[in-house]
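Undergrad: Sequences are here, hints too, so could you generate the full structure?
Next come the chains, spelled out residue by residue.
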Amino acid sequence: MTSAKESIASLEDDFNALSVRDRLLLLLEFSDNLPDLPARYSEHPDLLERVEECQSPVYLFVEVEDNQKVNLFFSAPPEAPTTRGFAGVLHEALDGHTVDEVLAVDEDFPNRLGLSEAVSPLRLSGMRAILRRIKRQIREKLV
Amino acid sequence: MSVAFDSSPKFAAYAHPEVLVSTEWLAQNKDLPNLVVVESDEDVLLYETGHIPGAVKVDWHTDLNDPVTRDYVDGPGFAELMSRVGISRDTTVVIYGDKSNWWASYALWVFKLFGHADVRLLDGGRDAWIAEGRELTRDETKVNPSDYPVVERDDSKIRAFRDDVLKHFGNPLIDVRSAVEYSGERTHMPDYPDEGALRGGHIPSAKSVPWARAAGENGVFKTRAELEAIYLDEIGLKPSDDVIAYCRIGERSSHTWFVLNYLLGLPGVRNYDGSWTEWGSLVGVPIVKGTEPGRAPVR
Chain A
1 MTSAKESIAS LEDDFNALSV RDRLLLLLEF SDNLPDLPAR YSEHPDLLER VEECQSPVYL
61 FVEVEDNQKV NLFFSAPPEA PTTRGFAGVL HEALDGHTVD EVLAVDEDFP NRLGLSEAVS
121 PLRLSGMRAI LRRIKRQIRE KLV
Chain B
1 MSVAFDSSPK FAAYAHPEVL VSTEWLAQNK DLPNLVVVES DEDVLLYETG HIPGAVKVDW
61 HTDLNDPVTR DYVDGPGFAE LMSRVGISRD TTVVIYGDKS NWWASYALWV FKLFGHADVR
121 LLDGGRDAWI AEGRELTRDE TKVNPSDYPV VERDDSKIRA FRDDVLKHFG NPLIDVRSAV
181 EYSGERTHMP DYPDEGALRG GHIPSAKSVP WARAAGENGV FKTRAELEAI YLDEIGLKPS
241 DDVIAYCRIG ERSSHTWFVL NYLLGLPGVR NYDGSWTEWG SLVGVPIVKG TEPGRAPVR
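As they're listed, the protein sequences go chains A and B.
Going by the working numbering, the first residue of the first sequence is number 1, and it counts up by one from there.
Going by the working numbering, the first residue of the second sequence is number 1, and it counts up by one from there.
FYI, nobody ran anything at the bench for these hints, they're computed from the structure.
Where hints are given, some of them may not hold.
[Unchecked claim] So the derived list for chain A, only partly shown, Cβ under 7 Å to chain B, looks like this:
hint: 1; residue: 16
hint: 2; residue: 18
hint: 3; residue: 80
hint: 4; residue: 81
hint: 5; residue: 116
hint: 6; residue: 119
[Unchecked claim] With beta-carbon atoms standing in for the labels, derived distance ranges:
hint: 7; chain 1: A; residue 1: 47; chain 2: B; residue 2: 239; range: 46 to 56 Å
hint: 8; chain 1: A; residue 1: 104; chain 2: B; residue 2: 28; range: 55 to 65 Å
hint: 9; chain 1: A; residue 1: 16; chain 2: B; residue 2: 294; range: 31 to 41 Å
hint: 10; chain 1: A; residue 1: 50; chain 2: B; residue 2: 133; range: 46 to 56 Å
hint: 11; chain 1: A; residue 1: 25; chain 2: B; residue 2: 196; range: 28 to 38 Å
hint: 12; chain 1: B; residue 1: 147; chain 2: A; residue 2: 19; range: 20 to 30 Å
hint: 13; chain 1: A; residue 1: 19; chain 2: B; residue 2: 239; range: 46 to 56 Å
hint: 14; chain 1: B; residue 1: 162; chain 2: A; residue 2: 50; range: 26 to 36 Å
[To be verified] If you want the footprint, here are the derived chain A segments under chain B, 3+ residues with CB under 8 Å:
hint: 15; region: 91–98
hint: 16; region: 120–128
Ideal Cβ placement from N, Cα and C applies to all residues, glycine included.
TA: In structure tokens, the structure reads:
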């Protein structure tokens with residue numbers, strides 16, 4: 001399996017290779033393909049943490065398997081495709097990687113996807129907020 | 001060649017019925033040659049998830065705001081944007097968007113800063129169109145770039161700056177934010193990111209009328225009688241009043257500006273787009289906390 005670092009590098013390459021308009025369409029793909037919550041979370045929305053910094057509602061839950069592997073779960077409505085897209089990119093970049101790798105991810109990487117111009121810096125700050133909350137949940141869950 | 005107005009009876013009661021069209025009218029007329037449909041949303045990707053066939057997108061952040069200065073695009077910037085989306089100076093523009101046309105009203109207000117003559121809103125916006133099961137598409141709209149003249153922005157009539165607000169004391173101010181923002185309990189909308197204001201509260205003497213009170217069921221504008229009951233009877237605005245409306249960054253207050261200016265026909269309504277993110281951080285300006293408007297400072 002590729003490392004989180006490699007996943008992020010390849011996401012950065014994918015986005016930056018595209019025109020500004022096509023970067024938006026790629027973000028839309030991530031929004032469309034954001035995995036649904038498994039029943040254990042969709043039936044217990046109280047377990048999820050709300051990301052307040054995002055303009056549209058997004059909820060997240062982080063599982064740390066055996067103190068080692070990070071599993072990410074997100075929920076955001078289809079009327080909030082930008083936020084869903086951010087969640088989808090983070091899922092692609094980080095899901096299934098190790099605790100150490102995820103905690104080592106540069107919190108500035110959302111700024112390197114070439115999306116500032118496409119979605120505006122203010123909106124992009126929501127994606128950094130999701131990343132910070134993922135890391136915080138991991139730290140809280142380590143035994 | 002001008003595009004006929006929507007003669008719906010509901011609109012006829014408004015001071016300016018020509019600024020609204022119904023979903024049915026738009027479905028019938030959207031392919032007319034001199035008409036361009038514009039979608040303007042809060043979410044920058046919502047248009048891409050599906051839009052009215054033939055509509056183009058104008059985003060408040062990436063298209064209407066200057067990327068460096070806190071201001072709107074200038075004359076050449078607006079002309080470039082209009083040319084890119086295929087709007088000519090005599091084009092009829094119909095704008096629609098999410099959240100009861102909140103951002104669509106904001107876009108319309110910016111079009112009016114540049115004096116674009118014929119700009120209308122789709123009553124009920126994106127949600128009304130979808131609720132009626134009307135068609136959306138992800139197909140890319142083919143645009144024939146137009147040649148739009150460079151027109152200087154006119155900030156003197158419908159836009160207020162902070163100094164205008166200071167000079168305005170004694171005349172009505174309308175704060176269209178939520179009750180908790182008005183009272184100063186918080187500096188931003190519940191559930192929204194904090195865009196930064198150092199103090200909470202409202203501008204002295206401003207009355208609280210949250211913007212969404214102007215929207216009825218399905219996000220369509222309330223009738224003229226319902227709007228008069230709120231703004232004239234309850235709040236006490238007079239038909240001849242000069243009014244300044246504000247919110248947090250000027251988007252929600254564009255919606256109220258639209259209502260007061262076009263639907264009720266007040267002659268001198270301005271939108272203070274600096275709004276609370278400016279006023280709440282300005283050094284030395286007066287602020288009132290709590291649920292009462294408070295007194296206007298004596299000039």
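Undergrad: Run every hint past the structure and note whether it holds.
TA: Verification of the hints:
Using the Cβ-Cβ criterion of 7 Å, the hint placing residue 16(A) at the interface with chain B is not satisfied: the shortest such distance is roughly 17 Å. Nearest Cβ of chain B to the Cβ of residue 18(A): about 14 Å, over the 7 Å cut. The hint is violated. For the restraint placing residue 80(A) at the interface with chain B, the shortest Cβ-Cβ distance is roughly 6 Å, inside the 7 Å limit, so the hint holds. Hint on residue 81(A) holds. Least Cβ distance to chain B is approximately 4 Å, under the 7 Å limit.
Among the interface hints, the one on residue 116(A) is violated; its C-beta lies about 9 Å from the nearest C-beta in chain B, farther than the 7 Å criterion. Hint on residue 119(A) holds. Least Cβ distance to chain B is approximately 5 Å, under the 7 Å limit. The hinted window of 46 to 56 Å between residue 47(A) and residue 239(B) holds, with their beta carbons roughly 54 Å apart. A beta carbon spacing of about 58 Å between residue 104(A) and residue 28(B) agrees with the range 55 to 65 Å that was offered as a hint.
Separation of residue 16(A) from residue 294(B) is about 52 Å and departs from the stated range, judged on CB atoms against 31 to 41 Å. For residue 50(A) and residue 133(B), the hinted distance range of 46 to 56 Å is not satisfied, since their beta carbons lie about 32 Å from each other. A C-beta distance of roughly 31 Å is found between residue 25(A) and residue 196(B), which places it inside the suggested range of 28 to 38 Å. Separation of residue 147(B) from residue 19(A) is about 24 Å and conforms to the stated range, judged on CB atoms against 20 to 30 Å.
Under the hint 46 to 56 Å, the C-beta atoms of residue 19(A) and residue 239(B), about 50 Å apart, fit the expected range. Taking the beta carbon of each, residue 162(B) and residue 50(A) are about 34 Å apart, inside 26 to 36 Å as hinted. Using a Cβ-Cβ cut-off of 8 Å, 0 residues of the region 91–98 of chain A lie near chain B, which falls short of the minimum of three, so the contact claim is violated. Given as covered by chain B, the region 120–128 of chain A passes the check, having 5 residues with a CB less than 8 Å from a CB of that chain where 3 are the minimum.
In summary, the numbered hints that this structure violates are 1, 2, 5, 9, 10 and 15.
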